[in-house]
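FYI, the numbering for the sequence shown is 1 to 129, going by full-length UniProt numbering.
Some clues are possibly wrong.
[What the hints assert, rightly or not] Using 30 Å as the maximum straight-line C-alpha spacing, the simulated DSBU-like pairs for lysine-lysine come out as follows:
no. : residue 1 : residue 2
1   : K105      : K62
2   : K38       : K85
3   : K64       : K105
[Unchecked claim] Between beta-carbon pairs, the in silico distance windows are:
no. : residue 1 : residue 2 : range
4   : A42       : E65       : 30 to 40 Å
5   : E98       : E46       : 32 to 42 Å
6   : T27       : N63       : 27 to 37 Å
7   : E46       : D70       : 32 to 42 Å
Since the hints were made in silico from the structure, they are not lab data. From the three backbone atoms N, C-alpha and C, an ideal C-beta is built for every residue, glycine too.
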Amino acid sequence: MKKLIVLFLLVLVGCSKEKVPKEQEETAKIDFKFEGKKLMIANDSEKVLTVFESETTFLIEKNKEWVLTDRTTGLLARSGGALSKSVYEYDLTNELSEIDSNKVKVTVYYTLGSSGAGKTYAKELLYEE
Numbered sequence: 001m002k003k004l005i006v007l008f009l010l011v012l013v014g015c016s017k018e019k020v021p022k023e024q025e026e027t028a029k030i031d032f033k034f035e036g037k038k039l040m041i042a043n044d045s046e047k048v049l050t051v052f053e054s055e056t057t058f059l060i061e062k063n064k065e066w067v068l069t070d071r072t073t074g075l076l077a078r079s080g081g082a083l084s085k086s087v088y089e090y091d092l093t094n095e096l097s098e099i100d101s102n103k104v105k106v107t108v109y110y111t112l113g114s115s116g117a118g119k120t121y122a123k124e125l126l127y128e129e
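Required output: the full structure, derived from the provided sequences and hints.
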């Protein structure tokens, strides 16, 4: 009888569906892809997407390690965004042209919903010429 109860509990626990957090569900609806030196960000979520352009970081590979590029950025904070069910074109032509490397790791920071109250997310992408 004990074996039957243990087996039943194992089946019950093994069959329970794991709920995907709503936060992870929303970020899964954001698609990032490079088209040339432009980063196309498709927002298929129900929320407004805000990209913090001035926070974007660029890393290059040196001696098999990723090193932050020394880029001078101004004090001006730049941002752009995509409404729900739209695509945002983030033009990185100038930034990527300044970097002397064929392989660059780009980290983009963004929020979903109101930019002041929402959580900031980071998306890391690899750009190769």
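Do the hints match the structure? See the list:
no., hint, in the structure
1, K105 with K62, "holds, 12 Å"
2, K38 with K85, "holds, 19 Å"
3, K64 with K105, "holds, 13 Å"
4, A42 with E65: 30 to 40 Å, "holds, 32 Å"
5, E98 with E46: 32 to 42 Å, "holds, 36 Å"
6, T27 with N63: 27 to 37 Å, "holds, 33 Å"
7, E46 with D70: 32 to 42 Å, "holds, 39 Å"
Comparing the model with each numbered hint stated earlier shows that all of them hold.
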